[in-house]
Structures are given as C-alpha cells and as structure tokens.
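Peer 1: Using the sequences and the hints given, assemble the complete structure.
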Amino acid sequence: MDSNLEQYVRQAKDGNLHALEEVVCGIQEKIYGLALRMLGHQEDAEDETQEILIKVITHLSDFREESAFSSWVYKIACNHLLTVRKKRYERMGLTFDLLEESVSAGLENMEPLTVSGPERDVLLEETRSELLAQALCHASNNEN
1 MDSNLEQYVR
11 QAKDGNLHAL
21 EEVVCGIQEK
31 IYGLALRMLG
41 HQEDAEDETQ
51 EILIKVITHL
61 SDFREESAFS
71 SWVYKIACNH
81 LLTVRKKRYE
91 RMGLTFDLLE
101 ESVSAGLENM
111 EPLTVSGPER
121 DVLLEETRSE
131 LLAQALCHAS
141 NNEN
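In the UniProt record's numbering, the protein residues as written are 1 to 144.
Please keep in mind that the hints were generated in silico from the structure rather than gathered at the bench.
Where hints are given, some of them may not hold.
Stated by the list, open to error - In silico SDA-like pairs for lysine to any residue, Cα to Cα no more than 20 Å straight-line:
no., residue 1, residue 2
1, 55, 82
2, 87, 42
3, 30, 20
Peer 2: Here is the structure:
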C-alpha cells in the first residue's frame, strides 16, 4: 500500500471525511476486481463491492495497523464474498433438490411406457437428464 493511502487511513480513523473518501477511492477497484472474479457477474460484483466498502468504513476503527491495510481489506472482502457464494450455492442446492423431486414426481405420473426392463430405466434416466439440462439452462439464462 502506498504511503499516501496509509496516511489517509490514519486520518480517516480520526474522523477526516476527505481522507475516508480517498481511502474508498484507493481500494474500490481492487475490491471490485476480486468480487468480479469470485462471483462472475458484473451486477453482483458491483452490489457486493458496495457492501464490502460499507463494512470497511463501519469497521475502520477496528483496524489496528498490525498488518497492511490492504491485507485487512482483502480479508474482509474474501470472507464476505465466500459467504455470498456459499448462500448462492445453498439456494441453488435447495432449488435443485425441489426440481429433482418435481421431475421424479412428473415421471411417475406419465402415461405408462410401452417398454420395460433396462430400456425403460434408460429412457427414464435420459428424460430426467434432459429435463435437468433444460432447467439448468433456464436458471443460467435467468441469472444473466
């Protein structure tokens, strides 16, 4: 971190609003870059960058200068982004569990198949796979 930013951090901790603005300007792009790499979507990265900046600002007085300010910010950003990703995957998992139940129930309620034995099992599995692929494609399109 450059010495100017270090100086701004100390001044911001003392309540200097101009210094706080300089701190935010000095870290915003790096946080956004990390968020974009971790989340993969521009809008999500922008939203989460704002959330991280709020955390940094509200907890700036907790920064004890035992490590580099950039390391402290990076830790806050990574923890926040990992939590966001975990919640996203948990939501997707719940959705996919419900989807699987729905697909299975739909397959059970289909008209009886004229094939039986292993051919029936293969046909059901292919149908299930196709429905899941379509659902994933639809979910992916809705994220964008």
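Peer 1: Please go over all the hints and tell whether each is borne out by the structure.
Peer 2: Outcome of the hint check:
A distance of roughly 15 Å separates the Cα atoms of residue 55 and residue 82; the hinted pair therefore holds under the 20 Å criterion. Using a Cα cut-off of 20 Å, the hinted pair residue 87 and residue 42 holds, with the two alpha carbons roughly 18 Å apart. Restraint check for residue 30 and residue 20: the C-alpha separation of about 16 Å stays at or below 20 Å, so the hint holds.
Violated hints: none; the structure is consistent with every hint.
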